[in-house]
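Asks: In case you want the letters, here they are:
Number of protein chains: 2
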Amino acid sequence: MMALPRTDAVEHGDPSADQRAFRRCLGQFPTGVTVITTVWQGNPVGVTASSFSSLSLDPPLVLWSIALASRSCSAFRRSEHFAVNILKADQIDISQRFSTPAEDKFKDVEWRPGCLGSPTLPGILALIECATEAVLDGGDHIILVGRVRRYARFPGNPLLYAQGRYAVADDHPRLLAGPAPPSGAGGKRQARDLRLMGLLAYVEMYASDAFDRYRQSEGLNLAQSRTVFALSAADALSMEEIVRRTVLPPASIEDALPGLVDRHFVAANDGAYALTDAGRALCSRLTGHVERFESEHLNGISKQDIAAARRVLEHLYERLRPA
Amino acid sequence: MMALPRTDAVEHGDPSADQRAFRRCLGQFPTGVTVITTVWQGNPVGVTASSFSSLSLDPPLVLWSIALASRSCSAFRRSEHFAVNILKADQIDISQRFSTPAEDKFKDVEWRPGCLGSPTLPGILALIECATEAVLDGGDHIILVGRVRRYARFPGNPLLYAQGRYAVADDHPRLLAGPAPPSGAGGKRQARDLRLMGLLAYVEMYASDAFDRYRQSEGLNLAQSRTVFALSAADALSMEEIVRRTVLPPASIEDALPGLVDRHFVAANDGAYALTDAGRALCSRLTGHVERFESEHLNGISKQDIAAARRVLEHLYERLRPA
Chain A
38 MMALPRTDAV EHGDPSADQR AFRRCLGQFP TGVTVITTVW QGNPVGVTAS
88 SFSSLSLDPP LVLWSIALAS RSCSAFRRSE HFAVNILKAD QIDISQRFST
138 PAEDKFKDVE WRPGCLGSPT LPGILALIEC ATEAVLDGGD HIILVGRVRR
188 YARFPGNPLL YAQGRYAVAD DHPRLLAGPA PPSGAGGKRQ ARDLRLMGLL
238 AYVEMYASDA FDRYRQSEGL NLAQSRTVFA LSAADALSME EIVRRTVLPP
288 ASIEDALPGL VDRHFVAAND GAYALTDAGR ALCSRLTGHV ERFESEHLNG
338 ISKQDIAAAR RVLEHLYERL RPA
Chain B
38 MMALPRTDAV EHGDPSADQR AFRRCLGQFP TGVTVITTVW QGNPVGVTAS
88 SFSSLSLDPP LVLWSIALAS RSCSAFRRSE HFAVNILKAD QIDISQRFST
138 PAEDKFKDVE WRPGCLGSPT LPGILALIEC ATEAVLDGGD HIILVGRVRR
188 YARFPGNPLL YAQGRYAVAD DHPRLLAGPA PPSGAGGKRQ ARDLRLMGLL
238 AYVEMYASDA FDRYRQSEGL NLAQSRTVFA LSAADALSME EIVRRTVLPP
288 ASIEDALPGL VDRHFVAAND GAYALTDAGR ALCSRLTGHV ERFESEHLNG
338 ISKQDIAAAR RVLEHLYERL RPA
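Those protein sequences? They're chains A and B, same order as listed.
According to our numbering, numbering within the first sequence proceeds without interruption in unit steps and concludes at 360.
According to our numbering, numbering within the second sequence proceeds without interruption in unit steps and concludes at 360.
For the record, the hints were derived by calculation from the structure and aren't laboratory data.
You may find that some hints are simply not true.
Note: identical chains are not told apart, hence a pair may lie in one copy or across any two.
Stated by the list, open to error - Mimicking SDA-like on lysine to any residue, the simulated pairs with C-alpha atoms at most 25 Å apart in a straight line are:
(1) LYS340 to ASP272
(2) LYS144 to ASN336
(3) LYS144 to ASP45
(4) LYS340 to SER275
(5) LYS144 to ILE129
(6) LYS340 to ARG232
(7) LYS144 to THR313
(8) LYS340 to PRO96
(9) LYS340 to TYR354
Full structure from sequences and hints, please.
Replies: If you want it as structure tokens, here you go:
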């Protein structure tokens, strides 16, 4: 059967032809963030992983995968146990630390051995301790299947990895709008039927979609537009400094930079990256999009109403912001 | 080595001792939502799945798992191809439709065959078309490994499945604050420094956290509080009708109801569920929380300002809402 064209695709094709574009496509599937640990030759080992998945309830099994090229791969292949530490929204620093090769990732981390010996981290959202049940081939990765010996769930919200950046999960607006009406009417909700907070959640979601369309119209993903903004505030930055300033996973920056260099928005020089003139022009266009967005969509509303809306939002911001 | 106690855990233990609690622990790992499709004996087959994971870039492989008990399991086991449709935030209805056994899930869906014949759905965030590479044992599930033949990425934001409910991914607050300053200063942003849209995003996130604290104070999770609200608008409801009215994944409702019954908030009678007197009292307390939330936090703002803020938000809602 023939492949029908999908003209609205941002990128599409054969994954072997453009691995980087394929990886961006895979990045459309959002996940949580875990640090998976073991012990090998007496030393704690840990890697940040988003490939975790539950597999079976009876018997209790989970799986994840690790690249053959990872320097921790052989430790996980040969050790007999691992622990999955699911990270909370406030654990970006832990995620970043275990994403990059480092001499001692556990330095200053108050880990302790779990029931099978694999390190468990403090402040996490959930812990799943496993005996390694099977190690399966998976192309340039291996699949690790674990039999769960012990689990623990803690209160809090998860850290998310979505479309190449860290994110938090908010209730879907359809949940905030209250239960669906009894009849199968299913027409769209009218703004006037929503409570103020439901209205706010909807507007936020729609606006976030609209911003994404602006980025896409420049052929950029979120990691690329953030990289451009970070570089606009400096003369030149190292990869590590871009990671720090954008607060994005290192893999996202490694993925974002080559495209920006290929399109001559960024120049690479001796491990330092800087905006070109074209990059500075791009940055101005992006800023312009945001400004136009607000002015266009607020067009037709009086200045007084906008000022009043700002007062209400600023008031709520100050009231609701955690101490 | 001994298991050290984790006194701050909500629930912990041996997964074989309490499967429901173990499932809640697994639910701490947030995921996207996919509908995975194939064709069997000339008919389109599709299931909602959150077990999708990328596996390998070279060769290009992905994996997912399906329960042996699923009525679609044998179709996927025997078919030679499948397509992963990653859903957008506005595709809850598609997720719900493919989560429940139904005569013809594809009725009125404008699907079309992909390059290998598996159905592709309209309006999705990404499409990953695969030839089935391997089918592996996974306890009460099978693991399907696919070799990717074609991918397509579309603009938009993903639908999330997080802690038992549908959610949307918002930029992590550390991203919203703009690039981190060169120095490690990191002071909190003032409301007046934010653009209207940034302000809106922050207020939405803080409000959502505050609502969760109300629920937790009643010992309820989100699925439970929504079930209570849905039941309050009816005499008695079937499981299917609760799913429809709460807009929650069926598995979340199956998980939420036993706890409400155990605590005598809900009575089960011949496949129908109804609030008890204690349940109705609980519902009044929850409604009270929401009303108090708005009135308390809007306290000190003039009625005129609130009305103006509503006008601005209603205007943005109508402007930004997709046609």
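Asks: Could you work out which of the previously given hints the structure breaks and list their numbers from low to high?
Replies: 1, 2, 4, 7, 8
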